[in-house]
Amino acid sequence: MLKKRNFLVFLFSVAAIGTFSITPASLAQNTNEQAATTLIKTMGDDAIKTLSNKSLTESQKEHQFEKYLDDSFNMKLIGRFVLGNNWRTATDEQRKNFLNVFREYMVVSYGQKIGSYSGESLKIKDAKPINDKETLVYSVIEQPNGPPIKLNWRVRKSKDGQQQIVDVIVEGVSLAVTQRSEFSAVVNKPGVGVDGLIKKLQEQVKSEGS
Amino acid sequence: MSLRNLWPTLKGGLIVATLFTLLSGCATAPSDDKSTASSVMYEEVYDPFEPMNRYFFDVNYAMDALFLKPVSEMYRGVLPLPVRDSVSNFLTNLSQPIYFINNVLQGDVDSAGDNMGAFITNTFLGLGGLFDVAQINTPEDDMGQTFAIWGIEEGPYLVVPVFGPYTMREGVGGIVDWAIDPVNIIAREKDKTYVGFWRWAVDGLDKRSRAIETLDDIEKNSIDFYATIRSLYRQSRQSKILKGATDPSQLPSMSFDEDDEISKTSTTN
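Chains A and B supply the protein sequences, listed in that same order. Numbers 1 to 210, taken from the working numbering, label the letters of the first sequence in order. Numbers 211 to 479, taken from the working numbering, label the letters of the second sequence in order.
Take the hints with a grain of salt, since some may be wrong.
[Said to hold, decoys possible] Computed cross-link-like contacts, EDC-like style, restricted to lysine to aspartate or glutamate with a CA-CA straight-line distance of at most 20 Å:
| id | chain 1 | residue 1 | chain 2 | residue 2 |
| --- | --- | --- | --- | --- |
| 1 | A | K128 | B | D457 |
| 2 | B | K450 | B | D324 |
| 3 | A | K125 | A | E62 |
| 4 | B | K430 | A | D45 |
| 5 | A | K200 | B | D467 |
| 6 | A | K133 | B | D467 |
| 7 | A | K150 | B | D457 |
Just so you know, these hints were derived from the structure itself, not from any lab.
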């Protein structure tokens, strides 16, 4: 008697565990995609509001861009990816300096550009999983004077569950891949190395920041 | 049959043979000692001629600054957008036959149908192609993409004087396109060989005029303009070959084993 009951309990537990273990993974996928889409949509709406706000100065807009960068982008992971092979052989000091200057470089390179958009709207089209942590969000920028621009966002869930952007792909061209290619070309020039790259980026930041 | 009659055929045969030799060099991937490097440096271009390429890149840059860019700016400044759009439409329409041929060669029947449909509609209803009546976003397929679909590897990156960045595969593809383009063939038969040149020149002008600010921005932000253009070129070719779709599974991995190291590395604000 006891055996049968235990067996039934056992069966029931297995069934219960089985059910619960099938859904969370797929649920997690869907939640990932939804969360990623929400991130892009929120940021997009916010960005458009900021940009169309005529009362903000250029530097205020750039400041806002910095906020987006720090909140929504995983700058550390992007920086590490962009340094590529050279991350492994870099010292802690070099890594720290690189991440710092890389962040500044991103702000001066793209902060200005953000201010030059007007009248465009961001439309989210789709979201597909890349793996269990990452989602690809497909969106389009519709311009009044020109064809629509395809813009894809690679969004990754961090250890603490936060969704962050790790790459932007414009018309099939990945920002992260392009920068990695460019930076590695600079590092590999004889006598330059990671320190040389950091110096070059610092110079770039200085010249563009003025 | 006299030798005189035989010569055109021989010449044609020689050209084809040379092209195939060049292409077969691309059929083999770069040597294996690059394989570990290339698997990590995913998407890195094979650039064995880099010093020469950088030199020609500088040459092209100077020619652009001295000639193409100022002319493009004038072109854009003088002609209103609808006129320039008509020029662009006309040129695109003239290329539909070769796009059609390439899509057929790739086995892409849907795209080929688009090319045919757009060509007929725009030619007859769009005043010879000046107006894009069809409004289909036709895939602009060239022989370089066809070769890619056929499995031929890119081969080395080449910066060609005047013509700009290419890979061996795209370069050979461009030559073949020029030779088999129906519009060019008809023009040659009617002794109007300059048509091919003018198509190429005006197309270059049109494209340059639409990319002025974009290229300026890219240059302003880059710390190695040559490497940036090389990467952009290759990625945009990849995108065209995949017909504009971004395949999630093809993206490089951004997961690193030592994830903890990143959180340990502090950044000062």
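For each hint, the structure was consulted:
no. : hint            : result
1   : A:K128 - B:D457 : 10 Å, holds
2   : B:K450 - B:D324 : 16 Å, holds
3   : A:K125 - A:E62  : 27 Å, violated
4   : B:K430 - A:D45  : 28 Å, violated
5   : A:K200 - B:D467 : 29 Å, violated
6   : A:K133 - B:D467 : 14 Å, holds
7   : A:K150 - B:D457 : 14 Å, holds
Hint check: violations occur at hints 3, 4, 5; the rest are consistent with the structure.
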